[in-house]
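A.B. asks: Chains V and W, in that order, are what the protein sequence lines are.
Mapping to the UniProt record's numbering: the first sequence position 270 is 270, numbers consecutive.
Mapping to the UniProt record's numbering: the second sequence position 244 is 244, numbers consecutive.
Source of the hints: derived by calculation from the structure; they are not laboratory data.
Mixed in with the good hints, there may be bad ones.
To be verified - Calculated pairs, SDA-like style, for lysine to any residue (alpha carbon to alpha carbon, straight line, at most 25 Å): (1) V/K18 <-> W/I134; (2) V/K106 <-> W/I134; (3) V/K106 <-> W/V26; (4) V/K90 <-> W/A201; (5) V/K106 <-> W/R202; (6) V/K18 <-> W/V26; (7) V/K73 <-> W/A56.
Here are the chains, one letter per residue:
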Amino acid sequence: MTTALAITDLTKDFPVGKRLFGPPRGVVHAVRPVTLDVAEGETLGIVGESGCGKSTLARMLVGLLPPTAGTIKINGQPLDNADPALFGRKIQYVFQDPISSLNPRKTIRQIMEAPLRHLHNMPAADRARRINQIFAAVNLREEFLDRYPHEFSGGQAQRIGIARALAADARIVILDEPVSALDVSVQAQVLNLLADLKGQFGLTYLFISHDLAVVEAVSDRVAVLYFGSVVEVGPATAVFSQPRHPYTKLLAESAPVVGRPLAAPEGRETELPDPLNPPTGCAFRERCSKASAICAQIAPVMTEVADGVSVACHHPLTGPA
Amino acid sequence: MDQSQSLSSQTGRTRPQWMQASLNIVTYLARKPTSAFGLVVLALLILVALTAPILAPHSPYAQDLQNTLQPPSMGHLFGTDELGRDIFSRLVYGARITLTIIFLVTIVVGPIGLFVGTVAGYFGGRVDMILMRITDIFLSFPSLILSLAFVAALGPSLNNAIIAISLTAWPPIARLARAETMTFRSADYIAAARLQGASPARIIWRSIVPMCLPSVLIRLTLNMATVILTAAGLGFLGLGAQPPMPEWGAMIATGRRYMIDSWWLVTFPGLAILCVSLAFNLLGDGLRDALDPKQMNRR
């Protein structure tokens with residue numbers, strides 16, 4: 001298996017409180033140096049709570065945000081220039097809110113033609129053929145092409161969003177919470193479609209979600225993000241059946257399960273740390289039951305604890321969860 | 001074959017929709033008494049300007065020194081001025097001048113305002129800073145004073161008055177377009193367009209300008225009253241249309257001297273200016289409601 005996408009030390013800082021002269025008042029490290037590899041044909045799930053930097057990471061990967069530092073390599077070729085059109089042919093993005101990602105004043109045909117025309121300079125006849133092909137692949141009828149986005153349900157709109165991403169003919173697709181705005185019944189439909197398309201077109205997915213059940217169902221590997229950095233990476237089955245990082249365990253236990261009473265697994269601080277005054281050492285130590293003196297001093301680094309599983313923790317959990 | 005069929009079905013769907021939308025707006029405007037008044041006055045103005053040679057009983061320039069300052073009568077509906085010219089005919093021909101001013105100012109101000117506003121709003125940062133400071137400079141003068149300065153520099157004539165008015169009327173449009181653009185530019189579909197390889201120019205032209213257009217259109221319509229009044233004011237001060245052109249403001253200016261004895265010299269051009277600027281204001285108000293999607297749903 002070859003590496004489709006290699007991220008090395010990708011970082012994004014946002015200056016806060018800009019002043020007319022001199023440096024800004026503070027810096028928020030939205031994404032701390034993140035290093036990830038995604039193999040070709042693989043689905044990498046990225047989980048984490050709100051505000052942990054999932055979307056910032058995703059937007060950097062497609063060039064919508066210029067990274068502060070670090071490199072993105074696609075099939076071994078570096079892409080650090082933040083020009084979305086350059087990224088567009090190699091990596092595409094499916095938005096969380098399907099309706100708002102479609103221009104309300106354009107017909108679906110106009111929306112679908114944009115990537116073919118701008119990224120591939122396709123003549124009109126080829127464009128029509130390609131659109132029909134893609135629409136067939138995502139189970140949408142051709143009549144839809146002349147309608148406007150507000151005429152569609154969320155599930156249909158999301159399939160149009162997926163079709164648009166496919167039209168760009170990129171091998172890597174970033175799915176930014178693609179089903180979290182959809183009904184549960186439609187979620188399954190869209191997830192199945194995504195799985196089909198992956199096989200059909202040989203795609204590589206980066207699946208971002210906060211819904212563990214969804215991530216577990218679709219991912220080959222999972223990366224857990226906390227406070228802008230990856231705390232645990234590993235095969236989906238290994239990470240979910242036996243979490244090594246206390247935060248992964250916390251996430252897994254927070255998910256509601258039928259037959260189990262809903263209880264917050266932690267009573268203390270449940271917020272992310274203040275990004276303007278990040279804690280020293282491990283960012284999770286204030287919420288962690290296993291925190292010790294070393295956690296306050298030294299930030300843990302990623303270390304491989306089992307085959308394929310890496311974790312950034314001084315006291316990784318062992319044994320069945 | 002397949003291709004041509006789908007193309008024809010596409011145009012077949014979009015054109016009636018576009019026409020239907022404008023028809024909806026017109027019916028909405030006609031249903032409310034105030035905007036209906038604006039619509040009627042505007043239609044009348046255009047009709048009068050088009051049929052001026054038929055409507056006017058006399059030439060607007062024909063002097064009759066035997067019949068100066070005649071009060072309104074059957075022969076001269078609105079009376080005659082100090083040179084014996086028929087005021088009704090001059091008003092009818094003046095409609096053409098007013099329409100020319102409105103038309104030219106709109107086609108100059110709309111695109112300039114939209115361009116400056118959308119570019120500043122989309123790019124932000126330094127571009128925004130520079131463009132908005134230029135806008136501020138224009139905004140910091142009262143519009144009539146600034147137009148006066150421009151006309152004084154360019155020389156008094158109707159064309160220069162139009163240029164001067166246009167130069168002072170675009171900054172509010174630019175501000176408006178910028179504010180609108182800033183609400184759209186972080187939208188998901190703009191990000192999507194960038195990912196599909198659309199250049200900034202294309203995004204501004206194809207995605208942002210259409211979104212800004214309704215509010216800019218409303219603002220332009222509401223501005224028309226000011227434009228007409230500024231044109232009349234410049235005409236009144238002798239810096240706009242030059243005699244013997246039948247411009248309404250200039251007519252009031254020359255009639256001023258005979259105002260006490262011959263009220264009709266200033267009253268009828270004054271009423272014409274009042275009617276047209278009021279009509280544009282009411283039309284602008286109606287348009288604002290008509291183009292607001294929430295209002296559309298309430299119908």
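A.B. asks: If any of the earlier hints don't hold here, list their numbers in rising order.
C.D. replies: Of the numbered hints given earlier, those the structure breaks are 2, 6, 7, listed in rising order.
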